[in-house]
Structures are given as structure tokens and as C-alpha cells.
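Enquirer: If you read the sequences in order, they're chains L and U.
Plus 1412 on top of the position in the first sequence (first one is 1) and you've got the numbering used here.
Plus 133 on top of the position in the second sequence (first one is 1) and you've got the numbering used here.
Heads up, none of these hints are tricks.
Some chain U residues judged to face chain L by a derived CB distance under 8 Å, without partners named: (1) A170; (2) K171; (3) L250; (4) I253; (5) A342; (6) G343; (7) T353; (8) E354; (9) G358.
Across the chosen pairs, the derived CB separations fall in these ranges: (10) K258(U) to L1603(L): 40 to 46 Å; (11) L1603(L) to T373(U): 50 to 56 Å; (12) I235(U) to D1604(L): 42 to 48 Å; (13) L251(U) to E1761(L): 35 to 41 Å.
Heads up, simulated PhoX-like pairs for lysine-lysine below, C-alpha to C-alpha not over 25 Å straight-line: (14) K357(U) to K1633(L); (15) K360(U) to K1702(L); (16) K1633(L) to K360(U); (17) K1633(L) to K1574(L); (18) K1726(L) to K357(U); (19) K167(U) to K178(U); (20) K1557(L) to K171(U); (21) K357(U) to K178(U); (22) K167(U) to K1557(L); (23) K1684(L) to K1504(L); (24) K1702(L) to K357(U); (25) K1504(L) to K357(U); (26) K167(U) to K1633(L); (27) K171(U) to K1633(L); (28) K350(U) to K1702(L); (29) K1679(L) to K258(U); (30) K1702(L) to K167(U); (31) K1702(L) to K178(U); (32) K258(U) to K1684(L); (33) K1726(L) to K167(U).
These are computed hints drawn from the structure, not numbers from a lab.
Each residue gets a CB set at the ideal place from its N, CA and C atoms; glycine is no exception.
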Amino acid sequence: MKKTPIYVLLLTAFFALALTGCGKGASGENGEVIVYNWGEYIDPDTITMFEEETGIKVVYDEYETNEIMYPKVEAGATAYDVLCPSDYMIQKLIENDLLQEINFDNIPNVKNIGQQYFDQSQEFDPENKYSVPYCFGTVGILYNKTMVDDPVDSWSILWDEKYADNILMQDSVRDAFMVALKLKGYSMNTLDEGELNEAKQILIDQKPLVQAYVIDQVRDKMIGNEAAIGVIYSGEAIFTQRENADLEYVIPKEGTNVWIDSWVIPKNAPNKENAEKFIDFMCREDVALKNFEYITYSTPNDAARALIEDEDIKNSRIAFPDLSQYNNLETFHYLGADGDALYNELWKEVKAE
Amino acid sequence: MIKTTLQRIYVTLIFIFLYAPIVTLIVLSFNASKTRAKWGGFTTKWYTSLFRNEAIMNALANTLLIAFAASIVSTLIGTIACIAIMNLKKRSRAIVMGITNIPMLNAEIVTGISLMLLFISMGLKFGLGTILLAHITFCIPYVILSIMPRMKQLNPYTYEAALDLGASPVYGFYKVVLPEIMPGILSGFLMAFTMSLDDFIITHFTKGAGVDTLSTKIYTEVKKGIKPEMYALSTIIFVTVLVLLILVNKAPTDKQISKKKVK
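Could you put together the complete structure from these sequences and hints?
Expert: Written as C-alpha cells, this is what we have:
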């Protein structure tokens, strides 16, 4: 029986990999900064630039949802220096005393960030002490001009029987209820059971008209002319328009959700100064521009926006809506465990109907 | 006649359901357009950019390293454990088998979180090392599961005979026991390898900053949509496994070789 060759082969492979795989380590001359960001949410070149300019090594880690990031930060398995959660998650982190105040004297480039985004941030960070906006966007209606002949300016079009089986809704509790609550004129952060039940009822009424409850697929389905109207995030809308010129994006007159992803520093950050240097670097206009071009989500960095060469994008109402023009925009709040449970329960009733 | 056509249709349907997703993925990996809704022409650019993407290549190296190391170590530990378990009394053997079976039935997320908490309380630095420890831990029960049946079929008298004829226990083990349980060890190794290769949840909770395996890397791309480079990588992995499988099935077995020699 000749079995030895298998072991030899495996062991060689193992050691070869061990040698190539473990070549990293060793921090930069000026220490390191441990960043925990969304996946695909930064231009990798900017990290290299930061390392070269400052001599600080970036340990870069990624997560896929706020909910997955939270337990890792709370448990403290790895002490991160910089995080980039969304609005309501920042509120939750603040409420649970997991963040520390940012020293804005160390972040001179914060002047590039438009004041309106700090104003909007006050919904989750009331004194603007903990967060620096990085990306933002709205939720609106994407429709196909060749398939829809009515003017689109209200969430009510999603209840129009003419478009039965041609409507795409977001398959997530808060996004779906946002649409219904806004249409009814209520706050999307309401905990009033009467209001929520009304919203639930109209979501159930809408169900027969909906082609599918989807998340990512809104983009592909709309590009492929598989549906006429869909609820979509503005960051995706620009991409879909480039692929299919018949698509148009609208922020409904009843108002909508403005989401903001911001840089924050956790309480147990081992390298706070480096963290502030990193945030400052990300606020620099040329870096913010590079990131905007890579991510294509709207940047709150006004100086970077001024550098955009493509006039259509620079003046795009989709990428850069004038937030002050609306008075009914809201940002998601953290509703607490009971609030989340209430929403989930009602959403289950909608889906089960 | 009707029966055979029905059988063929049935088998074809099964194969379509099994392989349609993979074929879709392979086709999309050659699509020049980033969205699945449009065919932008044939391209191999995702393959070239895949090999230039340092993050994905690092994740691939980590995945293979962890899968090899975890499966080798867990196979060693599992085999030794099996020998020990066989020599236990019936009652304690049942108890030990019960204990090793629990981690397999346990939800992965529970294993993941409890390992994370354990590592934190031990003050370990999260990184490749913690992932490796976690993978070895959850692979061992699968190794034991696939070796135990072989062990039970083993005729204890052959080993005793070897000792009677003057073999040392170690020599007797290598010459008599090991060849008999080898198929079990190999299938245990392969099982551990595949379990480690596609594990996501446990890896997620036990990994440190900046260390990614393929599964965690792919998952982080969910928010912005999975990049076509990943389709290309999956295609390569699928083709590699396919080629390996064909080679393994085509390779002449020991028995066939000895038959030829006899002739």
C-alpha cells in the first residue's frame, strides 16, 4: 500500500501555504489603526495613500450588516478604532455607552462636510459629538418611463391597481413600514400601535399588487425591464440609470428616509489619535472624491462634490438632493428591543396574510 | 420502454435542478456587464482582475491554509480519539460518543458565539490562530463520525495475532489497524476539509480584524452587490473540484493494478 505520497503532498501544500499566508503582521512606523467598515465601502487606493502619507498601518476589516457588526463590537473580541455604522445603529451604540466623543480639533477637514448633514445627524447624535458623516442617501421610487404614464410624485402610486404585478417592494421591515407610514402622514419611527396597525392594513391591501418583495434584485429587475415601479435606495438608482436610460428616480412628496453612515470611534479604541487622523484623511476632498467615484453613494463632502468633473452627476438631484427643500425627511431611530419586536410581529402578519 | 424514458426524464430533471445555478454562475462570470440583467458581451476581464485583487487572493490563501491545517490536525486528533474510544468500556464509550455528537447537532451560531466568548476570556488575540482553533474544534466530531464505523468492523483478533507474532504495538497498528481504517480516515479528512472550506458563521465570530476567508469576504459584499470577480473565482473552484473528481475516478485502484500484475 502506497499511502505516503498523499501525506507528503498535503504537508508540502500546507507548509507552502503557511509560508505565503503568514507573511504579514508588524505595524507601521507610527502604529496602526483598526478600521471596521461595510464591505466594498472604500476605494482600496485611499487606504494605501493613507499608509504612505502617515506611516500608520491600516488593519482593515469588513462587515455586512449593522446587526452583525454590533455583537462583535459589544463583545470586544477585537478592539476597533474606527467604525462606520448607520444612523440608528449609532444611536444604539451611544445609548449603550460604546462610543467616545470625537475631538474635532484633530479633524480640520470636517469643514468640508456640509452643515445640513450634521443637522440631519442630530436625529441620532443630538449634539454632533460622536459621528462624522461618510455616505448618505435617500429612499425613493424608481420607475420605468416607458411603462408608467402617470406623473410619479407620491408613494400612492405603489397602490395603483394599474400597475398590479409590476411593483417591487423592499423586503425589510423598517423600509416597508416607512413607505406605508409616510403615505399615511405618520412618522416612520412611530411606536403608536394605532398608526402601525393602519400601516399594516394598507401593506396587506397592497400585497396582491406586488410582484415581489426583494432587496438587491430591485436593481437587476428594473434594469431588465421586469417591473415598472420599485422602491430603491438612491445610491443604486444612479447605477440603474446608467444601465437603462428609461429609468427615473423620485423622492415622493410625503417625505422619505434619509440614511447616513458615519465614522465613529468606539470607547475601547486602542489608537484614538490614529483613528482621528484616519477620519480626517477620509474627509479630505480628493480622498472623498475617490471614494465617491468608487462607491457611487452620495458623499456629504461638499468640497469633494465641487471637484466632480461630470456636470450631470455634480448637479444630480438624485445624488445630491437639497435636503432643506423637504420638511418631512426622517432618519431611522433605534426603537429598542420592544419596538423592534412590535414591528417584526406586524411585518410577519403582513407576510403571512 | 416508457419506464426507461420516464427514468431518463427524471434523472435529467434532477441534474438540471442541481446544476442550473452553477451553470448560471459560470455564464455570468464571462459577462462583460456588471448586472445579471444584461449581457454585455463575452469577456475574461473578471478573471484577470481576480488575480490582481490582493484582498480576494489573500482570502483564498487563508481559506486553503485553514482548511488544510484544520483538516490535517482534526484528522490526527480524531483518529487517536477513535482508538481510545474503542478501548473504552461499553457504557463510557456511549457517553463519550454522545458528547462528541453534541457539537454536530448544536446550531453553528451557538458554537461560534461560545467559542468567541471563550477566546475572549482566555485573552487570545483574534486572528488566523483563533479561526484555526475553532475549525479544528468543530471538525473533530465529523472525523470521529466517519472513522468509528470502520473501527467497529475491525477484527480485533488480527491485531492481537500481529502482537503474538512479535510485532510491537506501534508496528502492529501501522501494519494491521491503519490500512483497515484508512478509507474512514480519508473520508473524515475530506469531510473536515469541506466543512472548514465553506464555514461562514463560526469563522465570522472567531476571526480578527483584517483576516478574511472566502466565505466572510463574499458575505461582506452583500451590501454593494457581489462582484463578478467572485463568479470567476467560484467557477475556477468548481472546475478544479470537477477535474479532481474525474482524476480520482479514472485513477486505477490498487486492486486493479494487482490484477493486471497477476495477468
